[in-house]
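Chains as they are written, first to last, in this note's numbering: chain A, 1 to 277; chain B, 1 to 437; chain C, 1 to 290.
It cannot be assumed that every hint is accurate.
Taking lysine to any residue and the SDA-like style, the derived pairs with C-alpha atoms no more than 25 Å apart in a straight line are [as the list claims (entries may be wrong)]:
1. LYS437(B) to MET44(C)
2. LYS10(A) to ILE103(C)
3. LYS107(A) to LEU19(C)
4. LYS44(A) to LEU250(B)
5. LYS10(A) to LEU93(C)
6. LYS255(B) to GLU39(A)
7. LYS71(A) to ALA23(B)
8. LYS107(A) to PRO16(C)
9. LYS255(B) to LEU138(C)
10. LYS255(B) to SER38(A)
11. LYS44(A) to ASP174(B)
12. LYS310(B) to ALA23(B)
13. LYS71(A) to THR50(B)
14. LYS265(A) to ILE103(C)
15. LYS280(B) to GLU156(B)
16. LYS265(A) to PHE169(C)
17. LYS41(B) to GLY61(A)
18. LYS10(A) to LEU92(C)
19. LYS378(B) to ASN366(B)
20. LYS265(A) to LEU92(C)
21. LYS255(B) to ASP174(B)
22. LYS44(A) to PRO272(B)
23. LYS437(B) to GLY52(C)
24. LYS107(A) to LEU29(C)
25. LYS41(B) to GLU65(A)
26. LYS104(A) to VAL18(C)
27. LYS44(A) to ALA139(C)
28. LYS107(A) to LEU280(C)
29. LYS41(B) to GLU39(A)
30. LYS310(B) to MET44(C)
Derived by calculation from the structure, the hints in this document are not laboratory data. These numbers were taken from a predicted model, which means no experiment stands behind them.
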Amino acid sequence: MARAVTPSRKAFTTVVAGLLGLMMFFPVLWIFILSFKSEGDAIKAPMEILFNTGWTTESYGAVQERSDYFKHFWNSVIISVGSTVLGLAVAIPAAWAMAFVPGKRTKDVLMWMLSTKMLPPVGVLVPIYLIFRDLGLLDSRVGLVFVLMMINLPIIIWMLYTYFREIPGEILEAARMDGASLRNEVIYVLTPMAVPGMASTMLLNVILAWNEAFWTLNLTAANAAPLTAFIASYSSPEGLFYAKLSAASVMAIAPILIMGWFSQKQLVRGLTFGAVK
Amino acid sequence: MKLKSALYAVSALVSVTATATIAEELTIATVNNSDMIIMQKLSPQWEEATGNTLNWVVLEENVLRQRVTTDIATDGGSFDIVTIGAYEAPIWGAQDWLVGLDDLGDDYDYDDIFEPVRNGLSADGTLYAVPFYAESSFTFYRKDLFDAAGIELPDEQMTYDDFAEIVAQLHDPDNGVFGTCQRGKAGWGENMAFVGPLVNAFGGKWFDMDWNPTIDSPEWNAAITYYVDLMNNYGPPGATANGHNENRALFADGKCATWVDATSAAGYIFNPSESSVADKTDFFQAPKQVTDKGTGWFWAWALAIPTSSKNQDAAKDFLAWATSKEYVELVGESEGWVAAPPGTRKSTYANEAYLEAAPFAETVENSILAANPADATKDPVPYTGVQFVAIPEFQGIGNYVGQQISAALAGQQTVDEALANSQRFAEREMTKAGYIK
Amino acid sequence: MATKASRAAARLMISPSVLLLLGWMIVPLSMTLYFSFLRYNLIMPGDNPFVGWENYYWFFTDPSFKDAMINTLLLVGGVLLITVIGGTLFALLLDQPMWGQGIIRIMVIAPFFVMPTVSGLVWKNMFMNPVNGIFGHLASSLGLQPLDFFSQIPLLSIILIVSWQWLPFATLILLTALQSLDQEQLEAAEMDGASWASRFWYIMLPHLARAITVVILIQTIFLLSIFAEILVTTNGGPGTATTNLTYLIYVSSLLQYDVGMGSAGGVIAIILANIVAIFLMRMIGKNLDA
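Okay, chain A solo, but in the shape it has when bound (with noise of 0.2 Å):
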């Protein structure tokens, strides 16, 4: 498997993909140096604001100050945790019904659920508003779960059918053979080889509803707004607002960010919607 490469293009390698790395990196670095920066100091010339400048968290208090931050990370984290477990729960049997028991239709209906997605939200908001309005449901979290848990479970369909599929039918044949149920075939068969896809599967979607802006910002007021209609107050404040920008940008993506970096492993294995064979 490893190929014999000399030290120097090693170096080479690592040189450049180091600089491309950096390249992708650099706004998400550029905003957490600026988030430091007072307002005056992060409007300056990119070489005066990293060697000519102090540091200082005031944007931070200042953000706080305005806006309670954690009531807003909460509901991040419910509505995005609880619509993803929610959408799990429902396409949890699809996805194992679709690859294990295809009929001639599957491929369509798969399809069907893909296309759902392509509606554009902005065309179906006034009829959702007034549906959300008389069930009562206008800035709740338990709408807002409803809705991410449908705009996504398309993609959590779609995710776990093609890494349900790759389970070789072969393993549940024998299982059926030795005279296990259904039940037990899912338990103790299918879940243990399913996991890493449904981790995968979950953080995508986790990853997914956290940063849906649309529905998140129109069906919320002021109880289940979540982290996008925090940054929704600091889009075009008046007078200087790079650093509380940067500050509130640095609140409302760290989480996921963290998350992403600590669980790229798990991320990156089920991330293949059955792109490899």
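Once you have looked at the hints, place chains B and C on chain A.
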């Protein structure tokens, strides 16, 4: 079964006592302006005094407007207090979406509110929103740069042609100073707020007496050509992204020699802790051209209560507090008088402390009193409004025209094309809405 | 292996998802369809009379409609082009042995976790702003006229921002695919004297075809409804330069509050999305079967 009904009784009891003793919880939607942020900061005082609590939804202006409109129009009931502008208040009031606010008590002193402001927020004689701050527009300029260039200000209102000449002399991008900063970001409340009065000054109007759009008229063409030339020659780069807030930051950072914009920004520009040009700035009237009518706009941010709110009494109490004389004083004392909410109350302008801290006070007062939404154009028109037209359809038309003009400013199309497109769009919308048969 | 019983069980297991999605699709869709035939403006209350095809007429003859269609195609196409090519190159590079691969991979995938709103705001203000942004400062320090991104190259600016967000996704999938490539086959080809280019062309690329298809499919689904990035940067302008179909529907239904016309636009967008879906289905069907 018995247990269940006993439980019901208990819970009913609890909920009755709960509503009697526990205070209301209000949801308030507001814009992320510095005045509103101060209100948010001071509101715990009201919460402590009344025992009520406030949940804040602070959004950027466009998001706020869309969010609040959707909720009010669908009777969603998400908000108890909303922040709206002088454009929405009369329209929404007439549609019975807002609670009438004529009963805030004798202490409230309605007569202390400037009359044009009160009229601007009323429909059919009922006040539907109470003003938090009000503004007109005037020209901010850098005294130091004018002096250095030896430019003397005329006593009279200058014309836009004179203005362009001055701007040309001051334009010095090599030293980081642009001749003028004006709004370029598309939107009826952004670039159109500057363009509207400019068109008025050039003798143009949105509609003739039969509601036919007149955007392809020579007056509009002259005004927009002037605007595009002025900005391309003497404006900062990236002007199409600059709205009020961006220009405010640029001016406060000393990057602009002149800026025609809201009088309410004066508190910020003259505040040394926010602005690097606080002691170098002065102001004069917004220029005129063929007419001096409608050359300064009129706008107010106001608080209102949707009829769908379930806590109207508590909400009224907050409104009376946040727009009272006492509140103005509270801000003056805790945040510095220069930051007091301007443009709403005579008492503010009679207050020595305010007049001393705010050198612009008298000019602002005069501009607001002079702005007359009912007579803002050279020719007679069927509508009211200086920089907007007070009909529901205007938002859509204003936004579209704003986009077209910003495309002309970006050089993606000519002024003629932009105005022809705008005219076509306005004709469509007015036909669709049944104004044009 | 599929018995009758297991088929019935399977149907039972799929049905919650199908029913939910069906409900999610049909309820708002039928309301949207219904609204699209009404004169229904949120800010003009009153009865909402039935007006037949009028809303469709107004939407189709909207001067922005054609631009929005073209922009949607350019946006989706542009981002796909950049992310597929860029992602392939990144994947090839990251597949090479190097020091600190874990760290580098973490840096490369970071943009994927950033909220679209945040990335739009950050690029607009901290990078592309010609006066205070980094690119502006760089250009000035080199004595050049700073590029005014959102007025000179508005659509390309949006494409670049969105590509930044999606490049990690493409890279990850393509990298995983690349790592599953049979090394012996490659080595054999190398021994036979095949150049790097021909190894890439004849062995790696065919192996990646499937992954590329998946990248295109998944990204198209998300890219068709790009919205937040446009909203916080250009508001669809200048003019209609960055108005895509989603944004145009937003303008009709939530800026002009014309729910009738917005609904008509929504119906049109759904039809177009289904056409794209059928198209993708064929493509995927060919590549993903077996």
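Hints and how they fare:
Of the supplied pair hints, the one linking LYS437(B) and MET44(C) holds, its CA atoms being roughly 18 Å apart against a limit of 25 Å. Between the alpha carbons of LYS10(A) and ILE103(C) the distance comes to roughly 15 Å, so the proposed pair stays at or under 25 Å and holds. Simply put, LYS107(A) and LEU19(C) have alpha-carbon atoms about 17 Å apart, close enough for the 25 Å limit, and the pair holds. This hinted pair checks out: LYS44(A) and LEU250(B) have alpha carbons roughly 13 Å apart, not beyond 25 Å.
Straight-line distance between C-alpha atoms of LYS10(A) and LEU93(C) comes to about 11 Å, which keeps the hinted pair within the 25 Å bound. For the hint linking LYS255(B) to GLU39(A), the alpha-carbon distance of about 16 Å falls within 25 Å, and the restraint holds. For the proposed pair LYS71(A) and ALA23(B), the alpha carbon gap of about 21 Å is at most 25 Å, so the pair holds. Using a Cα cut-off of 25 Å, the hinted pair LYS107(A) and PRO16(C) holds, with the two alpha carbons roughly 17 Å apart.
A C-alpha spacing of about 18 Å is found between LYS255(B) and LEU138(C), which places the hinted pair at or below 25 Å, so the restraint holds. The straight-line distance between the Cα atoms of LYS255(B) and SER38(A) is roughly 19 Å, inside the 25 Å bound, and the hint therefore holds. Only pairs whose Cα atoms come within 25 Å are accepted, and LYS44(A) paired with ASP174(B) is accepted, the gap being roughly 16 Å. With a CA separation close to 13 Å, the supplied pair LYS310(B) and ALA23(B) stays within the 25 Å bound.
As the CA atoms of LYS71(A) and THR50(B) are separated by approximately 24 Å, the hinted pair is consistent with the 25 Å bound. Restraint check for LYS265(A) and ILE103(C): satisfied, since their Cα atoms lie roughly 12 Å apart, inside the 25 Å limit. Straight-line distance between C-alpha atoms of LYS280(B) and GLU156(B) comes to about 22 Å, which keeps the hinted pair within the 25 Å bound. The straight-line distance between the Cα atoms of LYS265(A) and PHE169(C) is roughly 14 Å, inside the 25 Å bound, and the hint therefore holds.
Distance check on the hinted pair: LYS41(B) and GLY61(A) sit about 13 Å apart at the alpha-carbon level, within 25 Å; holds. Under the criterion of a C-alpha separation no larger than 25 Å, the hint pairing LYS10(A) with LEU92(C) is consistent with the structure, at around 14 Å. The straight-line distance between the Cα atoms of LYS378(B) and ASN366(B) is roughly 21 Å, inside the 25 Å bound, and the hint therefore holds. This hinted pair checks out: LYS265(A) and LEU92(C) have alpha carbons roughly 19 Å apart, not beyond 25 Å.
With a C-alpha separation of about 11 Å, the suggested pairing of LYS255(B) with ASP174(B) holds against the 25 Å cut-off. Taking the CA atoms of LYS44(A) and PRO272(B), the gap is about 19 Å. The hint holds against a cut of 25 Å. Note on LYS437(B) and GLY52(C): the hinted pairing holds, with a Cα-Cα distance of about 18 Å set against a maximum of 25 Å. The suggested pairing of LYS107(A) with LEU29(C) holds, with an alpha-carbon distance near 23 Å, which does not exceed 25 Å.
Taking the CA atoms of LYS41(B) and GLU65(A), the gap is near 8 Å; set against the 25 Å cutoff, the hint holds. Proposed proximity of LYS104(A) and VAL18(C) is supported: the alpha carbons are some 16 Å apart, at most 25 Å. Restraint check for LYS44(A) and ALA139(C): the C-alpha separation of about 14 Å stays at or below 25 Å, so the hint holds. About 12 Å separates the Cα atoms of LYS107(A) and LEU280(C), which keeps this hinted pair within 25 Å; it holds.
In summary, the hint linking LYS41(B) to GLU39(A) is supported, as the alpha carbons are separated by about 20 Å, within the 25 Å threshold. A C-alpha spacing of about 23 Å is found between LYS310(B) and MET44(C), which places the hinted pair at or below 25 Å, so the restraint holds.
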